[in-house]
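Please construct the entire structure, taking both the sequences and the accompanying hints into account.
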Amino acid sequence: MTLAVLLASPGTALDPADAARLSGELSDALRAAGASSVESGPEALREVARRAQEPVLVCADNLVAHPSLLWMLATEPAGRTTALVIPDATGDLREDRGKVLPASDGGNVRYGGAICVAPADLPRLAEVAERAEKDLLPALLEAGLVPVATPLRLLKADLVHDTAELIRAREQVAAVDEDKARLRMAVKEKDDFFTTYFVSTWSPLVTKASARLGLTPSGVTAISVLFAVAAALAFWQASRPAMIVGGILLYLGFVLDCVDGQLARYTRRFGAFGGWLDTMADRAKEYAAYAGLAAGAERIGLPYAWPLAVTAIVLQTVRHMTDAWYGALHDEAAAHPRPQAAGGVGARLSAASTRVQGETGSVAYWLKRIVVFPIGERWALMAVLAIFTNGRIALAAMVGFGLLAMAYTLALRSLRALSMKVGVLDKVDTLRFRDDGLLVRAALPAPLAFAGLAAVASLALVVALLAGWFDPPAKIALVVTTLLVLAAGLSARARHGGPLDWLIPAALRAAEFGIIVAAGLSGSVPPPVVYVLIFALTLHHYDLVARMEKAAPEGRPRRAVLGWEGRVAVVAAGAVAGVPTWVMAGLAVFVGGTFLVNAIADWRTGGTRS
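Per numbering that gives the first Met the number 0, residue 0 is the first one in the sequence shown, and the count goes up by one each step.
Because the hints were derived from the structure by calculation, they are not lab data.
Fair warning: this is a prediction, and the values are worked out from it, not measured in the lab.
Check before you lean on any hint, since a few could be wrong.
Cut-off 30 Å, straight-line C-alpha distance, at most; resulting in silico cross-link-like pairs (DSSO-like, lysine-lysine) [claimed, not checked]:
{"no.": "1", "residue 1": "189", "residue 2": "367"}
{"no.": "2", "residue 1": "179", "residue 2": "420"}
{"no.": "3", "residue 1": "187", "residue 2": "367"}
{"no.": "4", "residue 1": "474", "residue 2": "98"}
{"no.": "5", "residue 1": "98", "residue 2": "549"}
{"no.": "6", "residue 1": "207", "residue 2": "98"}
{"no.": "7", "residue 1": "189", "residue 2": "426"}
{"no.": "8", "residue 1": "98", "residue 2": "179"}
{"no.": "9", "residue 1": "207", "residue 2": "179"}
Here are the simulated distance ranges between beta carbons [to be verified]:
{"no.": "10", "residue 1": "459", "residue 2": "119", "range": "39 to 47 Å"}
{"no.": "11", "residue 1": "53", "residue 2": "459", "range": "48 to 56 Å"}
{"no.": "12", "residue 1": "236", "residue 2": "347", "range": "45 to 53 Å"}
{"no.": "13", "residue 1": "430", "residue 2": "552", "range": "14 to 22 Å"}
{"no.": "14", "residue 1": "302", "residue 2": "77", "range": "41 to 49 Å"}
{"no.": "15", "residue 1": "174", "residue 2": "425", "range": "47 to 55 Å"}
Beta carbons are placed, not taken as given, at the ideal position from N, Cα and C, and that holds for glycine.
Following this line, the structure appears as C-alpha cells:
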C-alpha cells in the first residue's frame, strides 16, 4: 500500500470553492492510485516521512491531471522514487536517460507537482520535510536523490494558480481519451525499427484483448515461450513447410514478447521479478531458436551449423554484457557528470549521437538504431532467412551482422566512455558481477588488462585449433592458455573504477566461453554438448545483469556455481584428463540446475509480477 500527502501550493489565487473541489478530486485520485490514506499539510508530511514503511505519494493541491498519472507514479515497475515531469524548454530540470536531474544550463522539463518516494529514500524525505525551507523536489535533488522521470506523453497535467488556468487545464484533460492514451503509452517510446513498424502498429490490439481476457503479463510471457519452442522444433524438422511455420511462429512469439511488457504497463501489474522474467525469457527463446536452426541444418546434411550456433550464442552473450554495463555507465555519467574536453573525439561523438537521437524518424535515426542489431531486427532476420533459405544461412547471418554490430558499438562506446571519465563497476558488488569464485583473492592493479589478456588468449587458442596449428588434444597449449585466463583473477580485488572497466565482465565471459570452445575442439566434444553448457552459463550470467537492470532482488549468493575461474579450471582439467564430454555435460546440468533452483526459490520468496 501507499500513503499520500497533499501539500498546499503557495501563490495560488483559486476560488475557495474551486480549490476545495480540486483537493477532493485529488484525494479521490490518490486513493484510486492505491493510497490507503490521504493526509494534508507539511506537518503531516513530516510525520508520514518519519514513520512510513511504504511508499509515500506527495502531491501539490493545485495539480490538474489525468488520474492515471498518479497511478503510474504509485506503481513504478521497480519500486523506485519517481517524479511527474512536464515538458518545458525553459524548465529548471533535465530529463536524461529516464532520470530527473537539476539543470544548471537549461532544462527540458519542469516539476509536475507529484512525486512518489520509495521506502529507501524516506530518510531523505524526512530530512527535507524537517527543514522545509525549499520546494520539495529541488530540496530532494540537492540532498542527492535521483528520481525516475514519469513523463506525461499522451496524458495531460499542469499546476494551476488561478481560475483561467484551472479551466484551461480541465479542458485539456477532458479532450484526451484516458484509456486510449494509456494503451498507446504502454508501447515503448523510441523502440527499434522492426518493432515500431511491424509489431507496435497492431500489438496494442492484442494487449487490450489480453487485458479483457484477464491474462497476466507473466502468462503472456509463458505463451510467447511456447511459440518460440514450437518455432525451434519446426526449425529442427527443417522441411520447407516447417521452416515457414517456424518463421511465422517466431514472429508471433516476438509480438507476444512485446505484448507482455505492454500489458504490464497498461494494467500496472508489476512485481519483483516481472522484468527479470521477461529478460530471461527473451534470451532463452532466442538461443533455443539458434539450437533449432543448427539441429535442423545438421539433420538435412548441412555442415558447420552447430559451430555457427556456438559462435552466435557466445557473440550475443558477450555483446549483451557490454550493452548492460555501458547502459549502467551512461546512467552514472548522466547522474554524476564530469567535465569533458569540448574538442575531444568522445565529446563530439556524444554530441552527434544526441543530435541524431533527437531527429526521431529520420534516416540517420533509424540507421543508428538498426546498426546495433537489436532484438527485433535479429528475430526478423532469423524468421525471414529461415522461411526462404535454411538454418545454416540464418545462423551465418546472425554471426556476420552480430560481428559488425559489436565492432561498431565497441569502438564508439569505448571512445565515448573515455570522455565520460566515470567508472561504474566500483559502484556495485564488483566480485558478484565479475562472477568470481573462491579461487581469486589477489588485488594486482590493471584489472582490464588482465581480463583483456584472458579474452585474447582464449580466442587465439580457438583460432589456432580451427586453423590446424595445434593437433588435438593439444593439452600443453590448453593448459598454458588456461593459466593465462586464470591470471585475470589476480586483479579481482583491485578497484574497478576506470572509464573502460565496464568491459571487464564481457571480457571474462569471452575468456570463459573461449576455454570451453577450445576444450571442446581439443577433445572432440560434440558441438551440441558445448552449446548446452554455454546456454546454461548464459542463463547464469544474464541472471546477474537482469537483476541489476530490472532492480529485481539480488537473491541468494551465486558462489555455489564455482565462479568463472572455477569453471574454467574444471573444464580444462576434464579436457586434460581425456573426459571433456562428460565434464561439460555434468557442468551443464550442475549450472543449469543451480540456476533453476535459485531462481525458483527467489521467485517464491521475493514476489512475482502477477
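Evaluation of the provided hints:
1. 189 / 367: Judged against 30 Å, a Cα distance of about 12 Å means the pair holds.
2. 179 / 420: Not satisfied, since the Cα-Cα distance of roughly 43 Å exceeds 30 Å.
3. 187 / 367: Holds, at roughly 18 Å.
4. 474 / 98: violated (52 Å)
5. 98 / 549: holds (15 Å)
6. 207 / 98: holds (29 Å)
7. 189 / 426: holds (28 Å)
8. 98 / 179: It holds: about 26 Å lies between the C-alpha atoms, which stays within 30 Å.
9. 207 / 179: holds (10 Å)
10. 459 / 119: 39 to 47 Å: Hint holds: Cβ distance 46 Å, inside 39 to 47 Å.
11. 53 / 459: 48 to 56 Å: This hint holds: roughly 55 Å between Cβ atoms.
12. 236 / 347: 45 to 53 Å: holds (51 Å)
13. 430 / 552: 14 to 22 Å: Holds - the Cβ-Cβ distance for residue 430 and residue 552, about 18 Å, lies within 14 to 22 Å.
14. 302 / 77: 41 to 49 Å: holds (46 Å)
15. 174 / 425: 47 to 55 Å: Check passed, 50 Å falls within 47 to 55 Å.
Against the hints set out earlier in the document, violations occur for numbers 2 and 4.
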